Amino acid sequence: MSQATENMNCTDYKEALTADPGFNDASGHAQTCADCQVFSAEMLALNEKIAAALEIPVPALVMPELPVIETDNVVSLSSRRVVSKPAWFAIAATVLLAAVVGIRMTGMGTSYGTLQEQVLAHVDHEPSALLPSTTPVSDRQLRSAVPNDVASMSHEAGLITYAQSCSINGKDVPHLVMQGARGPITILLMPHEKVAEATTLDGVNIKGIILPVGNGSVAIIGDREEQLDPVKQNVLDSVMWST
Amino acid sequence: MKTNNAMGDRRLKFDRLVAVYYMDMFRYAAWLCRDRSIAEEVVQEALLRAWKSLDALRDDAAAKQWLLTIVRRENARYFERRRLETVDIDNLTASQSALLAEAPNEELNDLREAIYGLDDDYREPLVLQVLMGYSTNEIAELMGLKQGAVLTRLHRARLKLKENAADEVNS
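Chains A and B supply the protein sequences, listed in that same order.
Residue numbers are given in the working numbering: position 114 of the first sequence equals residue 114, and the series is strictly consecutive.
Residue numbers are given in the working numbering: position 152 of the second sequence equals residue 152, and the series is strictly consecutive.
Warning: the hint list may mix true and false statements.
What the hints assert, rightly or not - Within a straight-line C-alpha distance of at most 25 Å, the following computed DSS-like cross-link-like pairs (lysine-lysine) qualify:
#: 1; chain 1: A; residue 1: Lys207; chain 2: A; residue 2: Lys194
#: 2; chain 1: B; residue 1: Lys13; chain 2: B; residue 2: Lys64
#: 3; chain 1: B; residue 1: Lys146; chain 2: A; residue 2: Lys232
#: 4; chain 1: B; residue 1: Lys160; chain 2: A; residue 2: Lys14
#: 5; chain 1: B; residue 1: Lys52; chain 2: B; residue 2: Lys64
#: 6; chain 1: A; residue 1: Lys49; chain 2: B; residue 2: Lys13
#: 7; chain 1: A; residue 1: Lys14; chain 2: B; residue 2: Lys52
#: 8; chain 1: A; residue 1: Lys194; chain 2: A; residue 2: Lys232
#: 9; chain 1: A; residue 1: Lys232; chain 2: A; residue 2: Lys171
#: 10; chain 1: A; residue 1: Lys49; chain 2: A; residue 2: Lys14
#: 11; chain 1: A; residue 1: Lys207; chain 2: A; residue 2: Lys232
#: 12; chain 1: B; residue 1: Lys160; chain 2: B; residue 2: Lys146
#: 13; chain 1: A; residue 1: Lys232; chain 2: B; residue 2: Lys13
#: 14; chain 1: B; residue 1: Lys13; chain 2: B; residue 2: Lys52
#: 15; chain 1: A; residue 1: Lys207; chain 2: B; residue 2: Lys13
#: 16; chain 1: B; residue 1: Lys160; chain 2: B; residue 2: Lys64
#: 17; chain 1: A; residue 1: Lys232; chain 2: B; residue 2: Lys162
#: 18; chain 1: A; residue 1: Lys14; chain 2: B; residue 2: Lys162
#: 19; chain 1: B; residue 1: Lys52; chain 2: A; residue 2: Lys49
#: 20; chain 1: A; residue 1: Lys171; chain 2: A; residue 2: Lys194
Don't read these hints as lab results, they were simulated from the structure.
Nothing here was measured: the structure is a model prediction, and the numbers come from that model.
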C-alpha cells in the first residue's frame, strides 16, 4: 500500500484515507467524486470517535523514588549553553525590569502609557506567577481564565503553570505562564488591544514580543535565551478571535 | 555546588518532561498492555529508566518520542518477565475491565471495546497515529517497520472498527 496520489481512483483513494485520514489528496480525486466525498466524511467522523475512545482517564501521577545520579560526569544543563544564567536570575531580572518601568512611570505621575509599558508593568504586578513550577494548572482553572471565544488553549500547548484573568486598559485579559526551557514565559492574550505591527520588548535578561492578531494582540515574554518561536506558533494556533 | 546545580537542572528538566508527557505515557502504556494496573507499573519503570538515562536526550523536541520508546520497551520487558497469557476479552480481570469503564456513552464504549479487541499489531499504530498525532513515517520508525506495513495495519485497523460499528448498528 502506498500513498501515491497521481491518477488516483476510488479504490486507491479509499485505501489511502482509511490508512491515514489526514493524507494529502494531491490528485484532487475527492473533489470530483461524490461517493468518495461521502466516504471521506464518514472516515473523518470515525476517526474523531476513535480519538475520543482512546482518551481514557489517566490516574494522578505518582513519581517513583528517583535514585541519586552521580553527577561528576553530568554536565549542568545551564553550563551547556554558551551564555548561561539560572532561571531564577532571569525571573528576578524580569521582575526588576518591570519594576523599573513601573517606578519610572509612577514617578513621572503619568498613567501607564504604551502597551509595551503596560505589559511589562503587569508582569510586575504578579511576580508570584513567575515562580518556576512543574505543577500544571487544572483544566478548570485554565478554562476559567481563557474563555472559549478568546482562545482554545489546552495543556498540549506546553506546561502551563499559571492562568488568571487580569485587566489591561480595563479589559479582561487572560494571563498565562508557561514553563519554557529557560524559565517561565508570560503570555497575555489581548483581544481588544489592536497593534499595527509586531513590537519587540528588550531587557537585559528578557526578551518578548507583542504580535498583532486580528483586532487584538498577544504578548509573549521570556528569558533572553528562550526560543520563543515554538511558543508563538502554539499560542497563535490557539487564538480564536482572529478567525 | 556545580554538582548540586547539575542535579537541580536535571531534576527540573525531568519534572517538566513528565508534567507535559505523563498523560501520553500512561495512555500509550494502557493501550499497549490493555490493563490499567500493568500500565501504571510500566510507566513507573519507564520513568525510572528515563531519569537514569536523561543525559541521552539531547534534543528536547524529540522528548515525546524518546519517552514513548522507553514506555514501549518497558512494556515489552514486563511481558517478557511475566510471560502473560493473551487477553480474553470475554473474561477480563477487574484491572483490564477498568480500562473500558467510564466511557461517556454506549457508542463510545462499543468503539473502545472494539479497539481493545484489535490485535496488538493493529492497535498500536492506531494509538500512535490518532492519540499521539504521529505521522506514518514516525510510527514506522518507532515500531521498526516500513511505512507500507504501517499503512496496511492502519487500513485494516480502521476497516475492522468500521465493520464493528456497522455490526453494532445492525444488531
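- Please write out, lowest number first, the hints stated earlier that are contradicted by the structure. 3, 6, 7, 16, 17 and 19
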